[in-house]
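Enquirer: In the order they appear, the protein sequences are chains P and W. Numbering-wise (the numbering used here), the first sequence opens with residue 7 and increments by one. Numbering-wise (the numbering used here), the second sequence opens with residue 6 and increments by one.
Bear in mind the hints are in silico, worked out from the structure with no lab data behind them. Fair warning: this is a prediction, and the values are worked out from it, not measured in the lab. There are no misleading hints in this set.
Covered stretches of chain P, going by a simulated chain W footprint (3 or more residues, C-beta under 8 Å):
| id | region |
| --- | --- |
| 1 | 31-37 |
| 2 | 42-49 |
| 3 | 52-61 |
Glycine is no exception: its CB is placed at the ideal position from the N, C-alpha and C atoms.
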Amino acid sequence: MYPRDLLLQERLCSIMSAKGQLHRFENRAQLLRHISEETGTDIDTLWDEYEAQVE
Amino acid sequence: MGDDTDLDVSFAIDSETASLSPIGEYQVLDLEGPVVIVGDASYRVVPVGEKADLSEDVRELSVDEIRAALNELSDNDNFQSIVDNCPTNTPLVYDDIDYLTRHLPTKSLQKCQELSESILFDKELLLQVAYVERQNSLVGHSDNVLEYYLEQRAEIVEKLRSTDEIDSEVERSFFSYLLLASALIEELTTETVLNELFREEARLDSITEHVRSMGHAKRLEKLCDVQILTGGDHGSLVEVKERRNNLVHDAQKRAGLDELESRREVARILEKTDQCASVLLTISGKNIESVIAKRGCDPYIEHAQSEAVADTITIWEQEYPERLSRLHDCERAALEEIRWDTEESDPKNNITGGFTFDGFDDEELYEILREFVGDASKAFLDRIDADANESNLDRFDFALMVLLCAGHSYGDIARWLDTDEKYVQRKENVIAWRASKFEKDLVEDIPRPEDPAWPSETESGD
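Given these sequences and hints, build the entire structure.
Expert: Below is the structure:
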């Protein structure tokens, strides 16, 4: 196993604790629209959170 | 031998649009729950059905504890064997764990249970770690080879163009190119054989081993037997294999590039080899977005364009609010209804809906509109990519279904998807059995095999 795979696993650990389907989104818009529809959170808020957290 | 003609080389694989997802940097965000960003793509757990209950929370573990457990797993043969038996995809309606426990052989599940007793992870988390590892290693591998292939292809073309004769640099570069092309072709061939012949069982390690032990020639033969590969393409792929073997095993031939005497001859071989790799990229389902975009059925194109426009509005609201306002404020524009002719190569100049062009010309507004449609057309390909991944059919079958639903002839579909007409006919039967609600919602009417399809009299009996 390569170090990068270990890194991914480590970072995916918190996600993998949830039951459900691991879903892939191809771009930011797909992701934020999906989260907004699922949780009811405003896209503007999600966008700001995304921008604040992304390195 | 010198060659003073202009060197024109055109390739089947478009490096601009080839779907590359090499392993990149990862980031984890908290957006109403954890999200992992990998390049442009992202991963998130989506609840299945009505229930969205959480299992025990691994976040209670410390980072050091998680790291120690992962380190232990990385050197563990039993864990690797679980990974090797994991699928790379699960059906939409199943919870991953529910599906995995039914899919994996009893031995793998027993190993998982035993392992969970010796490390901090419970058996369910262990299984999900293995599943992600399987997805990650498979998705990353062939796309990385494709990336190296495209780089090497660019290098050999540049070398060919910058010299008048075939010198040792061209020979070395060509040899590297051929090795990478062969690696890419062999990897995609293996993947296609597994997808095509074994389906579910392809996700079992023993079956994968069986396919790997067949040898490349045998695998190509299998694909030809089931007619996903045409006889002509099979012949060309065998030629690539023979050329590669000649150069690898015979130093003299390698030095003279096996009697390729002019730059033009080398260029033609590059084009033929690239065409072979392109065929495999298509039939393995890796490069099907542009065909669906151009030839897909109307309900699907409408769905994908509508989603792409909504995605683009989401982005523009944040990044270009002023330009978006210009479009919103224009009475001639109905932004959500913007559509374009997907059969044309330049969507920006082929807008078919959502804007009334009658009336005064406003070049500044038109330019904003063209930029919007340009972005939407990229989001359109992303949406097709996402739908193909999400479908319960595999990506190539998904492409076939969307084209069959458009009412195209078997022959045209076979030509666009680099496969045999007979294969398209057979897939029509398969899709009738296997299409799920997800696909039915996207295309409305699933094709229905009706008339008998006998071989034409001109076709030979073999």
